[in-house]
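*Asks:* The listed protein sequences correspond, in order, to chains A and B. Just so we're aligned, residue 47 is where the first sequence starts under my numbering, counting upward by one. Just so we're aligned, residue 47 is where the second sequence starts under my numbering, counting upward by one.
Don't read these hints as lab results, they were simulated from the structure. Note that the coordinates shown come from a computational prediction; the quantities given were computed from them, not determined experimentally. Treat the hints with caution; some may be incorrect.
Since the list can't tell identical chains apart, any single copy or any two copies may satisfy a pair.
To be verified - Straight line, CA to CA, 25 Å or less: simulated DSS-like cross-link-like pairs of lysine-lysine: (1) K150 x K282; (2) K260 x K150; (3) K277 x K150; (4) K127 x K433; (5) K282 x K260; (6) K441 x K472; (7) K357 x K282; (8) K57 x K515; (9) K143 x K282; (10) K300 x K368; (11) K236 x K224; (12) K282 x K504.
Number of protein chains: 2
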Amino acid sequence: MFLNIDRKDSKPLYQQLIDETIKLIDQGALEVGESIPSTRSLANKLGVNRSTVIRAYEELQALGYLSSKQGSYHRVQRRKKEVEYTADRSSVISWEKACSADTKAIHQIFLRYSPERLKNDLSREDAINISELDLDPRLYPMTEFRRCINQVLHDSGASSLQYGDHKGHIPLRRQIAKRLRLHGISVSEKEILITSGAQQAMDLVIRMMGRNGKRVAIESPTYAAILPLLKFNRVKTREIPMNAEGMDLDFLEKVLAEEPVSFVYTIPNFQNPTGITTSHRHRERLLNICLKHRVPIVEDGFEEDMKYFGKVPLPIKSIDEKNIVIYLGTFSKALFPGLRIGWVTADLECISRLTAIKRFSDLGSSKLVQIVMTEFLKRGYYDRQLKRMHRAFRKRMQMALQTMDVCFPPTIQWTRPAGGYTIWVKLLRQWDEERLQTHLVKFGVIVSPGSYYFPDRKRSAYFRLSIAKQNEEEIKEGISRLGKALYAMDKGNSHVA
Amino acid sequence: MFLNIDRKDSKPLYQQLIDETIKLIDQGALEVGESIPSTRSLANKLGVNRSTVIRAYEELQALGYLSSKQGSYHRVQRRKKEVEYTADRSSVISWEKACSADTKAIHQIFLRYSPERLKNDLSREDAINISELDLDPRLYPMTEFRRCINQVLHDSGASSLQYGDHKGHIPLRRQIAKRLRLHGISVSEKEILITSGAQQAMDLVIRMMGRNGKRVAIESPTYAAILPLLKFNRVKTREIPMNAEGMDLDFLEKVLAEEPVSFVYTIPNFQNPTGITTSHRHRERLLNICLKHRVPIVEDGFEEDMKYFGKVPLPIKSIDEKNIVIYLGTFSKALFPGLRIGWVTADLECISRLTAIKRFSDLGSSKLVQIVMTEFLKRGYYDRQLKRMHRAFRKRMQMALQTMDVCFPPTIQWTRPAGGYTIWVKLLRQWDEERLQTHLVKFGVIVSPGSYYFPDRKRSAYFRLSIAKQNEEEIKEGISRLGKALYAMDKGNSHVA
Chain A
47 MFLNIDRKDS KPLYQQLIDE TIKLIDQGAL EVGESIPSTR SLANKLGVNR STVIRAYEEL
107 QALGYLSSKQ GSYHRVQRRK KEVEYTADRS SVISWEKACS ADTKAIHQIF LRYSPERLKN
167 DLSREDAINI SELDLDPRLY PMTEFRRCIN QVLHDSGASS LQYGDHKGHI PLRRQIAKRL
227 RLHGISVSEK EILITSGAQQ AMDLVIRMMG RNGKRVAIES PTYAAILPLL KFNRVKTREI
287 PMNAEGMDLD FLEKVLAEEP VSFVYTIPNF QNPTGITTSH RHRERLLNIC LKHRVPIVED
347 GFEEDMKYFG KVPLPIKSID EKNIVIYLGT FSKALFPGLR IGWVTADLEC ISRLTAIKRF
407 SDLGSSKLVQ IVMTEFLKRG YYDRQLKRMH RAFRKRMQMA LQTMDVCFPP TIQWTRPAGG
467 YTIWVKLLRQ WDEERLQTHL VKFGVIVSPG SYYFPDRKRS AYFRLSIAKQ NEEEIKEGIS
527 RLGKALYAMD KGNSHVA
Chain B
47 MFLNIDRKDS KPLYQQLIDE TIKLIDQGAL EVGESIPSTR SLANKLGVNR STVIRAYEEL
107 QALGYLSSKQ GSYHRVQRRK KEVEYTADRS SVISWEKACS ADTKAIHQIF LRYSPERLKN
167 DLSREDAINI SELDLDPRLY PMTEFRRCIN QVLHDSGASS LQYGDHKGHI PLRRQIAKRL
227 RLHGISVSEK EILITSGAQQ AMDLVIRMMG RNGKRVAIES PTYAAILPLL KFNRVKTREI
287 PMNAEGMDLD FLEKVLAEEP VSFVYTIPNF QNPTGITTSH RHRERLLNIC LKHRVPIVED
347 GFEEDMKYFG KVPLPIKSID EKNIVIYLGT FSKALFPGLR IGWVTADLEC ISRLTAIKRF
407 SDLGSSKLVQ IVMTEFLKRG YYDRQLKRMH RAFRKRMQMA LQTMDVCFPP TIQWTRPAGG
467 YTIWVKLLRQ WDEERLQTHL VKFGVIVSPG SYYFPDRKRS AYFRLSIAKQ NEEEIKEGIS
527 RLGKALYAMD KGNSHVA
């Protein structure tokens, strides 16, 4: 075997050995069945450590290039043959017909509603994207997270890779319960179910209570990604309009008096998309209305931890003496979304049912990830991270609002959030949203179309900004561009409409 | 401050500092508002490195015990107050009534069907549990897995913690596609959707095609945890009896001729629970029958990689020219279950719809875990692990079957699997399963009751053994005990019936 080994190469020696051997086999210079030198003789010949050769042979065997007998590596082996991939074989099944009507509905929304599509359609490389609710990865506490993983790998062995408790890792549930008690919610780990993000918690709640022709009351506008789930589960929506104080409670009272509703879905803090936070009084009244009609409230606390301006009332769940509130939380908005850890807390009887659905729908969330998150919380890293986040987003939100004050035409209105990431902007009149997007991209800025947040995706006079992903400079520049674009629309560019 | 620091303690110094300070605060020896020494002076006093004190103060601040101003740590602080937990607050909502009938059904099954309950009910500490399908954690490749995590943490930064592709991490899908091509399945990464285990893949398939009064044909007996999902989605089941060759295809033909069916669910390798593997001919005929009726096949390949005796035909999906097979796979059975990585591959149109449902039900699986798994596959560790597994389970299965031959009464019948983990045992007559379990536990062995695997959970004359979790010695001992227990039943102990 003639192997080219280069000691100056940054590639490790064993890796060079592997790559060179594969090259020889692929070129046919080494043939199937041919013997290869023993580890000792090759090591001597090349003047490398024998352990280097052993490691290389081990990997070559694992990759299927070498056969072994009784622990020694002998011959070049024929690798198992792959079949070819034939693209675009069509199916004799019409999947459109094989699927239920609800699947068609969710599939259509999926195809339309995708940020990837938005980006492709509106390609301009230097456009500033202030549409997304994904947290700025530059703020991720990577060092602390790495420390936790290393600790977990060191401490816990195989048990971290077995099936876990269906409700979720108990120490994690304890940590979350403790945090919730700091938010005034009287809860223990027993009433907590860990989910794959708050999104799965929502899916479970809808599957539990809101299927097949039932009615659910939602704020209008509301979180966009709950809408396809409701449709998919054949739930009818009753839209309760948002006003400056939150959901219109007089309207809600009328709706609940008229017809039974499975639950009321609300986002009391920094509502998505409007950014509106309700007062303690509003929360009390909402709770009392629902109590009177014995209707559960689903409280989405996805940004509970983003109270960076202070002065936000405690969750509705904290005054829920009669246990009618189902509370959803997540680490995706203040830490990082890729872990997929959320939770739901409610009356034990309710949690038990949600756990049953969760258990059979995925046998529980990844235990390893939950253990790492537990370590992160235990060490106080999450609290420290929140302080960092609060400092950063106080400034970002101030920058966004100041820039809007300066750069937006006087005909435009917008909300002034008490925290969180989103600002809701109202135009003077309705626009065709595709044209609006195209117009804004010409000015180098991307926002999120208002229609996403209404069940019927009707034309709207709104769009949503998000400050989650961009830093102060980018926010300032993005909103200035937006201001210019809005002025250009305002000045009689009514062909955009 | 009087802090007890012990240099001989294995606990790091900074951690000792933290624990001691908290103790003083909790005891009231340090009061809220009290000043603490500067890092420099405390370091001098204790004779430790100043950085040790800084690290301890930082963590104490993160934990909420110290206030800081302009980066220096000043005073003991009142920690935010938790509300108390009041257990057993009852809810004014009747969750039983608030939930749909299907939720009641899945909840009841959940409460009954839980290994925890089984263990508690049948507590005998030294009982050998040959009921579970969880892989023996003593076989986990922990060293290799740690190596992969370290590599991933070193290589990939924040991107591994962002939202990922809804279909799953592309390099992982490529690796899986490559493996499937080695199993004769012509597929690219485009036709693969990553799921939280094969269980979620099954849930998605049922949600897509099998809801609300539709019919699905299943093998009888079949995988226990698909049954509650079918019930939950109001799917009617048509049971196709298993015979020694697999699903009774004459029976299937009759069923399909009589009424439309949404899909046929089958486990061709080492069927759960029977352990039966179908022949190539059986697979061809099943495919042709379904083709004729244009009925999709859901092929559960959950133990595709556990062909440790060799000689198992390729998957049905490998001869699926017309693309009617939806194939499910997982790493939970040959590697470790705690990662929660499975996949589904099918016609692109079908995958697109499944992706839509997955996207809105949990926004995609954890990216970090997927990246680590990709590294594990790339390095050839998975193939190496399979070889190890095959060696171990060849011996375990041989031991199980040999011991049964020797120790079981001649009236008992059982299957002789060509791989996988489960053996299906038939008794001479039906038994009351609770009494049977109690009887077996007296002899120190636990098996899985046969009724779990039938939709109506009827009394059955069967039980399932699994060799997944116990080593050869334990299998030998467990099955010997089982033999004694069966002889004791046989010898006129008919009160058990």
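*Asks:* Indicate, hint by hint, whether the structure satisfies it.
*Replies:* Right, here's what the structure says about each hint:
Proximity of K150 and K282 under a CA criterion of 25 Å is satisfied in both settings, with 17 Å inside one chain copy and 22 Å between copies. With identical chains, the CA atoms of K260 and K150 are at most 25 Å apart both within one copy (19 Å) and between copies (16 Å). Within a single copy, K277 and K150 get their C-alpha atoms as close as 10 Å, and across copies as close as 22 Å, so both meet the 25 Å cut-off. In the homo-oligomer, the alpha carbons of K127 and K433 lie at most 25 Å apart only across protomers (18 Å), although the nearest pairing inside one protomer, at 55 Å, exceeds that limit.
For a Cα distance limit of 25 Å, the shortest separation of K282 from K260 qualifies both inside one copy, at 6 Å, and across copies, at 22 Å. For the homomeric pair K441 and K472, the shortest alpha-carbon distance inside one copy (23 Å) is at most 25 Å, but the shortest distance between copies (71 Å) is not. For a Cα distance limit of 25 Å, the shortest separation of K357 from K282 qualifies neither inside one copy, at 35 Å, nor across copies, at 53 Å. In this assembly of identical chains, K57 and K515 lie within 25 Å of each other by CA distance neither inside one copy nor across copies; the values are 35 Å within and 40 Å between.
In this assembly of identical chains, the alpha carbons of K143 and K282 lie at most 25 Å apart whether taken from the same copy (23 Å) or from different copies (19 Å). For the identical chains of this complex, K300 and K368 are intra-copy neighbours only, at 22 Å inside a copy versus 55 Å across copies, given an alpha-carbon limit of 25 Å. Only within a single protomer do K236 and K224 lie at most 25 Å apart by alpha-carbon distance; the minimum there is 12 Å, versus 43 Å between protomers. Taking the shortest alpha-carbon separations for K282 and K504, only the intra-copy value of 17 Å comes in at or below 25 Å, while the best inter-copy value is 38 Å.
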